[in-house]
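Sequences listed follow chains A and B, in order. If you number the first sequence the way this note's numbering does, the last residue is 503 and the count never jumps. If you number the second sequence the way this note's numbering does, the last residue is 492 and the count never jumps.
Please note that a few of the clues may not be correct.
[To be verified] Here are some chain A residues pointing at chain B (derived, C-beta under 8 Å):
#1 ILE67
#2 ALA69
#3 PHE134
#4 LEU139
#5 TYR145
#6 ALA149
#7 ALA164
#8 PHE168
#9 ILE176
#10 ARG186
#11 ALA187
[Said to hold, decoys possible] Per the computed footprint, the stretches of chain B lying under chain A, defined by three or more beta-carbons under 8 Å from a beta-carbon of chain A, are:
#12 409 to 416
#13 426 to 440
No lab work stands behind these hints, which were simulated from the structure alone. Every residue gets a Cβ at the ideal spot worked out from N, C-alpha and C, and that includes glycine.
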Amino acid sequence: MLAWTIYTSFIGVVVLMLLPRDAARAARWVALFTAIAGCALAFAGAILQARQTNLGDVTPIAQAAWIPALGATYYLAADGISLVLVVLTGLAAVAGILFSWNIEKRTKEFFAFYLVLIGGVYGVFLSFDVLLLFVFYELTIIPKYFLIARWGSTRKEYGAMKLALYSFVGSHLVLIGLVATWVVARAQTGHATLNLQLLSQINFPAGFQHWVFPLVFVGFAILAGLWPFHTWAPTGHVAAPTAGSMLLAGVVMKLGAYGCLRVAMVLFPEGAREWQGVIAALAVIGIIYGAGVALVQRDFKFVIGYSSVSHMGFVLLGLATLNAIGLCGAVLQMFSHGIIAGLLFAVVGRMVYDRTHTRDLHDLERLNLGKVLPFAGVTFVIAGVASMGLPGFSGFVAEFQILIGAWKVFPITAVLTGLGIILGVAYTLRAVQMAFYSDTPPPAPHSPEAHSLPPITLPERAGAVLLIAASLVVGLFPTLLMNWIEPCLKSPLFARLLNGGPQ
Amino acid sequence: MNSGDYFDLLRCAAPEAIVTLTVLVVLGADLSILRGKSLAARFQVGGALSVLGCLSAAAFAFTRHESFDLLNGMIVVDPLTDFVKVAILLLTVFTILISTAGKFTDHVGEYLSLILLGTIGLLFLVSAGDLLMIFVSLELASLTLYILTAFNKRNARSSEAALKYFLFGGMSAAFLLFGFSLLYGVSGSTNLIEIARHLPGKGLDPLLLVALVMTIIGFGFKVAAVPFHLWAPDAYEGAPTPSSAFIAAGSKVASFFILAKILSVGFAGIEGSAVWHGYVAGWTPVVAVVAALSMVLGNLTAIVQSSVKRLLAYSAIAHAGYMLLGVLSNTADSRSALMFYVITYGLTVVGAFGVVTVVEAATGGDALQNFAGLSRRSPALSLCLLVFLLSLAGIPPLAGFIGKFFLFSATVAADERNLGLLWLVILAIAMSAVSFYYYLRVLKQAYVEDAPADAPAIQIPALTLFALVLLAALVVLLGCAPTLLTQFLLPR
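Starting from the given sequences, assemble the full structure and let the hints guide the process.
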């Protein structure tokens, strides 16, 4: 059933392409229906698998011969970690479409690219063949580019090209590692394979892991916003249309983190241990740097863009801990940030910018948005406190676990990260205050500005409620997802990473 | 079988013979029954005849499963060469299909028959196992390519390009012939296998070195590898677009096939080694240097091009660089990866030039701006362009990506203990990341920029559209299911 999340998305693309040229309404409904179908399939498939199997095991979904000469198979499978991210993708996809209901320009093409992106993302999370994973991973680059370059704002072509080139360079680093790994594995075992489970049982020579791990890890981590390769993220997020930013921050950055965990760390555990300290250091720099820069931005969307870098730093720090609690936190943080960042971008891009046509915080101060658009204000406050890591929301559980994990290996990083959290509170409150609840005298009550803003529409409300609910549910019942993640970390796939070396 | 009676000769060379007959039929038809008809009608009927001829030749080659070695290596036929011939014939078919909309010439019969003659040269080249035969068939193909380049008589640049191509080509033919004669002098034979038998023990004596370098220069010119590439951008740009497609596709397939054969069979024993920190003099290091230069220069120069045909020319140089990796790795795997890469590259590049032909006809030029708003003016055409260019850039799941993966993994696997050739692969992958930028520039015009306000929708001739859609479908299909092609290329 889970495999149909991928197929449904691509069927949606085909249907969209067959629609007449200017059928904007139909295109929206087709896209929404496809996304909801995908989301429903994701949920149903995940729950069913959680009931029927041990989530620590990798449960095959689809398997077929593909390229025997390379040992590549069309192998889709899922374990608990995949399920968490597949569910996240389903939610983000639906919310993104609800928040792009107002796209009027070439609607059909917009949603076609959007669904290709979604299909590719599902594919990455469900692939257990490295080549297949790579195929889906690169498949997401092209729609990202066109979504931003065509439907974006603010230096969109620059942002789009930068994002595309960074992604492509990153994936090519991975490709080098992949080719080398394939050759070494074949030389060592005598037969060619690209199956992730089989590859993970091979003990690659330490010298090989020493250079191939950073190659593959950094290749994926570029997309996860690893400092200093994060610079595509703020510009890309700002340039993207609302749904684009939501997906970029919500799921695409997770692709990078997922690749780091699933491919780089699982295949090269010794390399991971060797480079653990470096990654942790870069992650902490990312957390503090992202938060610090977010604190001084004038552009509302840049605040959120840099906050994404900061939050993804937590994910990478969690990965760098190399202990079960840290990794569990990292996966939870992927989910949590996917939801919350989506919500933040939705407020900034759709609710505020599409109405006021400015994102300059100093201009927004004068608009008194808290009164004019109360729903936007409340949503942003909720998203903001969730993003700060207030208990009760998903972010708290995730970041707390990452901090515990980090404390166990590098106490100093935990302390520094605490500083990052304080900065996070600061920039969020600053944004809330300046954008929605400023003290500056409101414009004269009858000024055109204050009253010409169209009210928040139903799709926007639906999207916001969906995302807030998701964050709350996970925040209040974190065990829902932790029960999916934790068995995976005890599985043979992670055995060498977590137990093999000195703890 | 080494007798050489005429019946054997006919059986061996049947595909070539069928195409030769087709040439006569096409010429005859154009001069008799098609006389006075409209240009479009002449192109359609003549094209249909040529396609029919090529397809029957291909069908013949595809269905015979025999091996011959006629007249001591003059014509060597085995299932692999037959399959390569099928590929070349199909590329010719596609080239003809995209030319049928052309308005660059009135001499339809001559144009089509020249393409077919060139194809015959390429077919013989694939079968050649003897230096003389290699040279003669290479020249047959090259001469027709020079004329095809000059075929747009209304355009001075076409003539200029052809002259440049011809002068460079003549020079390289001289180099090649000189190299071959030295090779004959050293080994006492013109047959590749016997040459290899006589070489061992001689080591790399100076004479042999000169022969080797001359041979590589000659072929470096044919495949447009740096530093022998200077003709390529001008020829691609000046030639009528379908001719450029023919130069880039069919002729590349045959040239690379025979280059790999000469080097791996004829120069067996003096391979040398191009591995990092393990350099040994021989032909692989020479090819490695040429490959590296081609990849770097081709990709970096393509970035600044504003004409799409020139951009494709520089990208062709870069792709020649990748393909040379398959030659220098010199394993059975790498040769089949090479053939996969060249054939899929041929399909892709014919498609790309096909799109350029249509855009040129509709907008009057091939500059980047001429592609602006293509996705609105013709969604089908721009979707095809998207597929072709992304395949050239190596984006999965298109054929170009799988080709690259085959090629690079085979290259690294050639020295799997020390990964000694990894440096070339790293260079190739880095450069292919660069190439993404310039392909994306074209696609940006098509999908992001708006068309000029009064631009009408683009009309595509049905036959061309059919060919382009079929090519795009093939590129996707071979990317998703490469075994459809690899099963014929596996080493046997």
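Structure-based check of all given hints:
{"no.": "1", "hint": "ILE67", "result": "6 Å, holds"}
{"no.": "2", "hint": "ALA69", "result": "6 Å, holds"}
{"no.": "3", "hint": "PHE134", "result": "7 Å, holds"}
{"no.": "4", "hint": "LEU139", "result": "6 Å, holds"}
{"no.": "5", "hint": "TYR145", "result": "7 Å, holds"}
{"no.": "6", "hint": "ALA149", "result": "5 Å, holds"}
{"no.": "7", "hint": "ALA164", "result": "6 Å, holds"}
{"no.": "8", "hint": "PHE168", "result": "5 Å, holds"}
{"no.": "9", "hint": "ILE176", "result": "5 Å, holds"}
{"no.": "10", "hint": "ARG186", "result": "7 Å, holds"}
{"no.": "11", "hint": "ALA187", "result": "4 Å, holds"}
{"no.": "12", "hint": "409 to 416", "result": "holds (count 4)"}
{"no.": "13", "hint": "426 to 440", "result": "holds (count 8)"}
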